[in-house]
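Participant: The lines below spell out each chain.
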Amino acid sequence: MLEVQDLWAGYGDVAVVRGVSLRVAEGEATAVLGPNGAGKTTLFRALVGLVRPRRGSVRFEGRSLEGLRPHQVVRQGIAYVAAERELFPQLTVLENLELGAYARPDGLRERLAAVFDLFPRLAERKSQRAGTLSGGEQQMLAIARALMGRPKLLLLDEPSTGLAPRLVAELYRRLDLLRHQGVTILLAEQQVGAALSLCSRVYVLKNGSLAFEGDSSELRGSSHLHSAYLGGS
Amino acid sequence: MGVILDGLVLGLQLALLSVGIVFVYGLGGVLNLAHGQVAVAGGLVAALLVQARQHPAVAGLVGVLAAGLLALGMDRTLLQPAYRRRGEERLLLALILTLGASFALDGFYTFRYPNLALSLRLAKPSVEVLGITVRTASLAVGALSLATFGLLLAFLKGTRLGKAIRCVIQNEAGAWLCGVDVDRARTVTLFLSGLLAGVAAVGQGFFSFLGPDMGPEFTILSLIVAVVGGVRSLTGTFLASLLLGVVNAALSYWVGTYLTWIALLAVAVATLLVRPEGLLAYWP
Numbered sequence: 001m002l003e004v005q006d007l008w009a010g011y012g013d014v015a016v017v018r019g020v021s022l023r024v025a026e027g028e029a030t031a032v033l034g035p036n037g038a039g040k041t042t043l044f045r046a047l048v049g050l051v052r053p054r055r056g057s058v059r060f061e062g063r064s065l066e067g068l069r070p071h072q073v074v075r076q077g078i079a080y081v082a083a084e085r086e087l088f089p090q091l092t093v094l095e096n097l098e099l100g101a102y103a104r105p106d107g108l109r110e111r112l113a114a115v116f117d118l119f120p121r122l123a124e125r126k127s128q129r130a131g132t133l134s135g136g137e138q139q140m141l142a143i144a145r146a147l148m149g150r151p152k153l154l155l156l157d158e159p160s161t162g163l164a165p166r167l168v169a170e171l172y173r174r175l176d177l178l179r180h181q182g183v184t185i186l187l188a189e190q191q192v193g194a195a196l197s198l199c200s201r202v203y204v205l206k207n208g209s210l211a212f213e214g215d216s217s218e219l220r221g222s223s224h225l226h227s228a229y230l231g232g233s
Numbered sequence: 001m002g003v004i005l006d007g008l009v010l011g012l013q014l015a016l017l018s019v020g021i022v023f024v025y026g027l028g029g030v031l032n033l034a035h036g037q038v039a040v041a042g043g044l045v046a047a048l049l050v051q052a053r054q055h056p057a058v059a060g061l062v063g064v065l066a067a068g069l070l071a072l073g074m075d076r077t078l079l080q081p082a083y084r085r086r087g088e089e090r091l092l093l094a095l096i097l098t099l100g101a102s103f104a105l106d107g108f109y110t111f112r113y114p115n116l117a118l119s120l121r122l123a124k125p126s127v128e129v130l131g132i133t134v135r136t137a138s139l140a141v142g143a144l145s146l147a148t149f150g151l152l153l154a155f156l157k158g159t160r161l162g163k164a165i166r167c168v169i170q171n172e173a174g175a176w177l178c179g180v181d182v183d184r185a186r187t188v189t190l191f192l193s194g195l196l197a198g199v200a201a202v203g204q205g206f207f208s209f210l211g212p213d214m215g216p217e218f219t220i221l222s223l224i225v226a227v228v229g230g231v232r233s234l235t236g237t238f239l240a241s242l243l244l245g246v247v248n249a250a251l252s253y254w255v256g257t258y259l260t261w262i263a264l265l266a267v268a269v270a271t272l273l274v275r276p277e278g279l280l281a282y283w284p
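Protein sequence lines correspond, in order, to chains A and B. Throughout the first sequence, residue numbering follows our numbering, covering 1 to 233 in sequence. Throughout the second sequence, residue numbering follows our numbering, covering 1 to 284 in sequence.
Hints listed in this document are in silico derivations from the structure and should not be mistaken for laboratory results. Incorrect hints may appear among the rest.
Listed below are the simulated DSBU-like cross-link pairs for lysine-lysine, each with C-alpha atoms no more than 35 angstroms apart in a straight line [what the hints assert, rightly or not]:
no., chain 1, residue 1, chain 2, residue 2
1, B, LYS124, A, LYS152
2, B, LYS157, A, LYS126
3, A, LYS152, B, LYS157
4, B, LYS163, A, LYS126
5, A, LYS126, A, LYS206
Take the sequences, apply the hints, and build the full model.
Facilitator: Structure below.
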């Protein structure tokens, strides 16, 4: 579904992502693991057009995404949930969700019902301002807002950041549910255990390049990868 | 009493000018120092049309549109290099570019049209309302400003593009990720800021008169309002405009224009010292 070939991206003179190639198969959950500063966020930002790649190609459903601005990438069916969540703090939960459907406003009511079904807490907080939500609720809202645009591919950047372990487990149960509903997921994580519970395919980034690619069972088995690139889990 | 009313109307005029500058700053990270000159362009175009014996209403409308188009043109040409940069770099480059544009426009206006002025007079100079005499111009300009704000609010709250503009102000990256074309929202906002400035200039023509050299004054007034009201807050801007309008009118009446300027700048400096985020900020 998503094919990345030899992607280079960065800021100013610094290349942060150096020649990454990866594929995401439809209906699967794929993880990009790696420590802070490995280039995960820059990779995602380059995929959605927030950073312009220097070199390489990104193809989604066979079409090249080259030169597309972020709002055009969204319209192709790729939603990006940034680690910073990028909510509209002064707007209510409901208004945030409505804006999530900005590119595809049809069927708004059914979409709302579906995300409230997935995250019942958001229904309770409907008319509260997004800025007043707890960290876990904000993460749910960010994911729910992304789902409002009916994405085929959901990019999640460090969804567990700032969440208590209990909330991380709950979040990953919801993500698993989403995957079963047919949403393809590409996930960047530092919490290896959580990511491996969801994802069947794994890439490990180190200093902007791939250090490992394979099935999650392979990575689980190889202890040296854990200690070398992730410092254990 | 008449002074207070004049002050409120002046405040509404100020709000028309300042909302534009604040909007463009909030949305584009650009402080447009040629904002006053954009307003004057609208006034001068209207004045030229009045000279050519066009109906004042037509002249006013075309003038407003001209100001909008000038701002739009600045967005499409002058500001493009600034948009390619981010944060402080963008702000600084845009300051220099728009400052340059303001000098160029001022020079053009005063060189080409040194004696042109927009001065629209209503048939009946004053009316009695509830026992007090008020200028019809004040009422007309007040109504014009309020109607303009009504339209602006309806656009921001009621239309898709308006909602998109509100969300870009709060979070640019978030807006991109929701599928909003932020570049387009920015261009529309510059156009709107020009239209609002044009309405203010035409209103000025009714209220007293508008001359070719009034650009810097307009820019500085709207900057003072932005400082006092909080550069991120539309409601703050609105309230600050009304407050400064009344203060301005009252001081001009009792102590004279020159001291009024000093007082307004003193208010801005005091605000920066006491509450740098804006005296009246934090109204959403």
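Participant: Would you pick out the hints that fail for this structure and give their numbers low to high?
Facilitator: 1, 5
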